[in-house]
Amino acid sequence: MPVNPSTLSRQGYDRWDLGAEFGIDEGNTDYQALKAAYGDLPEDPYATGSGRYRRYARGVYLPWSNEFHWMPATESQAREGMNGYYQGDNNPEYVNVTRNLPAISDEVCKNKLLLDMIRFDFSQTRWNEDDSVWPLYVGVHLIKLHIEEDGHEAVSSPNELHQDGEPYVFAHLIYRDNAEGGANLIATPDYRGKQPEDVPPADRLSEFQMERPLEAYAITDHLVSHYVGPIRKGSEERPGERAILLADWVPMRHRI
Numbered sequence: 000m001p002v003n004p005s006t007l008s009r010q011g012y013d014r015w016d017l018g019a020e021f022g023i024d025e026g027n028t029d030y031q032a033l034k035a036a037y038g039d040l041p042e043d044p045y046a047t048g049s050g051r052y053r054r055y056a057r058g059v060y061l062p063w064s065n066e067f068h069w070m071p072a073t074e075s076q077a078r079e080g081m082n083g084y085y086q087g088d089n090n091p092e093y094v095n096v097t098r099n100l101p102a103i104s105d106e107v108c109k110n111k112l113l114l115d116m117i118r119f120d121f122s123q124t125r126w127n128e129d130d131s132v133w134p135l136y137v138g139v140h141l142i143k144l145h146i147e148e149d150g151h152e153a154v155s156s157p158n159e160l161h162q163d164g165e166p167y168v169f170a171h172l173i174y175r176d177n178a179e180g181g182a183n184l185i186a187t188p189d190y191r192g193k194q195p196e197d198v199p200p201a202d203r204l205s206e207f208q209m210e211r212p213l214e215a216y217a218i219t220d221h222l223v224s225h226y227v228g229p230i231r232k233g234s235e236e237r238p239g240e241r242a243i244l245l246a247d248w249v250p251m252r253h254r255i
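Heads up: the sequence shown runs through residues 0 to 255, numbered per numbering that gives the first Met the number 0.
Think of the hints as simulated: they come from the structure by calculation, not from any bench.
A virtual CB, placed ideally from N, CA and C, is assigned to each residue, including glycine.
Just to be clear, a hint being listed does not mean it is correct.
[What the hints assert, rightly or not] EDC-like cross-link-like pairs, simulated, lysine to aspartate or glutamate; straight-line CA separation at most 16 Å: (1) 34 <-> 176; (2) 111 <-> 66; (3) 34 <-> 106; (4) 111 <-> 24; (5) 193 <-> 163; (6) 109 <-> 66; (7) 34 <-> 24; (8) 111 <-> 25; (9) 193 <-> 159; (10) 34 <-> 115; (11) 109 <-> 29; (12) 34 <-> 210; (13) 34 <-> 214; (14) 111 <-> 29; (15) 111 <-> 20.
[Stated by the list, open to error] What follows is a set of in silico ranges between Cβ atoms, one per label pair, in the way DEER data are often shown: (16) 16 <-> 79: 33 to 43 Å; (17) 201 <-> 39: 41 to 51 Å; (18) 252 <-> 67: 13 to 23 Å; (19) 35 <-> 201: 40 to 50 Å.
Can you build the whole structure from these sequences, using the hints too?
Laid out in structure tokens, this is it:
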């Protein structure tokens with residue numbers, strides 16, 4: 000029998016509170032370990048000075064057995080402590096560029112909460128008959144926006160409404176501290192490449208801001224475009240930060 004569509008696959012987006020889903024709070028040991036991993040994120044080598052810091056790892060999910068396995072880097076990438084990330088022409092800032100990004104450590108890759116997030120994400124996806132019997136490629140990004148000076152902004156990439164090229168993309172808030180901004184906008188696909196002010200009310204499908212640790216949302220890429228605004232430093236003296244875990248899902252069906 001066909002699998003019932005999820006809200007995500009039907010309307011193009013959905014939101015969750017994974018703290019409630021998993022029955023954990025900020026005192027959870029795995030949460031604290033995952034949060035600590037953002038303390039030493041290196042600067043994005045493709046966006047120096049942008050306030051963006053990140054690490055990346057790749058895995059495969061086997062739909063028929065609900066198994067997830069991390070993929071190795073190439074030999075040259077492993078020597079440099081990198082993993083390759085490619086979006087084709089979907090990111091206008093890096094068209095047809097393989098970005099070699101700093102790798103997530105083996106210790107963090109074993110974090111139970113991170114793995115539970117991946118399994119939860121899979122449970123919300125829906126695949127056609129062919130893709131459901133092939134492995135799914137999963138890209139996992141640890142991304143932190145960090146801003147130290149008043150009047151400056153740290154931006155996500157790309158800084159416009161966009162589609163990622165991956166059928167499903169999930170964003171999980173790990174924490175935000177002394178940060179203002181970072182609002183999310185989900186719109187119809189026609190606004191890819193546009194700015195939020197270009198989207199009339201009728202085509203603004205959802206607008207929200209993630210505030211609490213382990214809030215999450217996801218998009219079905221071909222059904223919507225989406226945008227996340229820059230962050231600014233809040234009123235406290237310490238820097239402003241917002242830390243996100245992204246997971247993107249791509250079928251690996253054989254094509255000749």
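Of all the hints given earlier, name the ones this structure violates by number, lowest first. The structure conflicts with no hint, since it agrees with every one listed earlier.
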